[in-house]
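> We have chain F; now place chain H onto it with these hints.
Order-wise, the sequence lines are chains F and H. Per this note's numbering, the very first residue in the first sequence carries number 1; after that it's consecutive. Per this note's numbering, the very first residue in the second sequence carries number 1; after that it's consecutive.
To be clear, the hints were calculated from the coordinates, so they are not data collected in a lab. Among the clues, some could well be false.
[Claimed, not checked] Think about it this way: if two alpha-carbon atoms lie no more than 25 Å apart in a straight line, the pair counts; the simulated DSS-like pairs of lysine-lysine are:
| hint | chain 1 | residue 1 | chain 2 | residue 2 |
| --- | --- | --- | --- | --- |
| 1 | H | K68 | H | K49 |
| 2 | H | K58 | H | K42 |
| 3 | F | K52 | F | K30 |
| 4 | H | K42 | F | K30 |
| 5 | F | K30 | H | K49 |
| 6 | H | K68 | H | K58 |
| 7 | H | K69 | H | K49 |
| 8 | H | K69 | H | K95 |
| 9 | H | K95 | H | K68 |
| 10 | H | K95 | H | K58 |
| 11 | H | K95 | H | K49 |
| 12 | H | K69 | H | K58 |
| 13 | H | K95 | F | K52 |
| 14 | F | K30 | H | K95 |
| 15 | H | K42 | F | K13 |
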Amino acid sequence: DAGVTQSPTHLIKTRGQHVTLRCSPISGHKSVSWYQQVLGQGPQFIFQYYEKEERGRGNFPDRFSARQFPNYSSELNVNALLLGDSALYLCASSLGSSGAFTYNEQFFGPGTRLTVL
Amino acid sequence: AQSVTQLDSHVSVSEGTPVLLRCNYSSSYSPSLFWYVQHPNKGLQLLLKYTSAATLVKGINGFEAEFKKSETSFHLTKPSAHMSDAAEYFCAHFKAGGTSYGKLTFGQGTILTVHP
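Just chain F, same shape as in the assembly (with noise of 0.2 Å):
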């Protein structure tokens, strides 16, 4: 069975460009959580989405959005990036349908670096 996949794999962008990131959780997973990871430092959460609704906010500024789409992938938008924003994002998926931990284990995918130059 396929993981999480996520895409692009590295990006390089200027600074004040936008960046979508792409997650496909595994198959029959229904939540999908986003964590930000700057060099030297552990996953910070950024969002969570179950069924296309955001379930979780982590304390990041407003030029990070996410959506869901009805097959349970989901977008990272990044607006007007600044140099600090480059970092290893990552996709982690989960059942997500109940607040048990059973449900909410987390499987995460390989990650897309994003620079910002």
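Below, chain H alone, put in the same frame as chain F:
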């Protein structure tokens, strides 16, 4: 607020010697705790998880961790390091509640170096 603290940013061991990576947590209730490993330019791989069952948790690749409530710790150990264990390790806390179906809060990471 719930959080995890990894006490060492770097740990260096010789191949065949024990590994100890330290993690302390703060939580107002019984936590769900995890250890993930990240090899260079790769995503996160789950090593093991504690979810209020046995306090000694066995994971993949010979790793295990012990949940100690009295010490608020969840240290990761391995009896004998292998060169392939060289990677960055993250301790994480899972929180669910409210309208959220859960998020992970990660520590800063510990880079494990294994010398021949």
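> Looking back at the hints listed earlier, which ones does the structure fail to meet?
none
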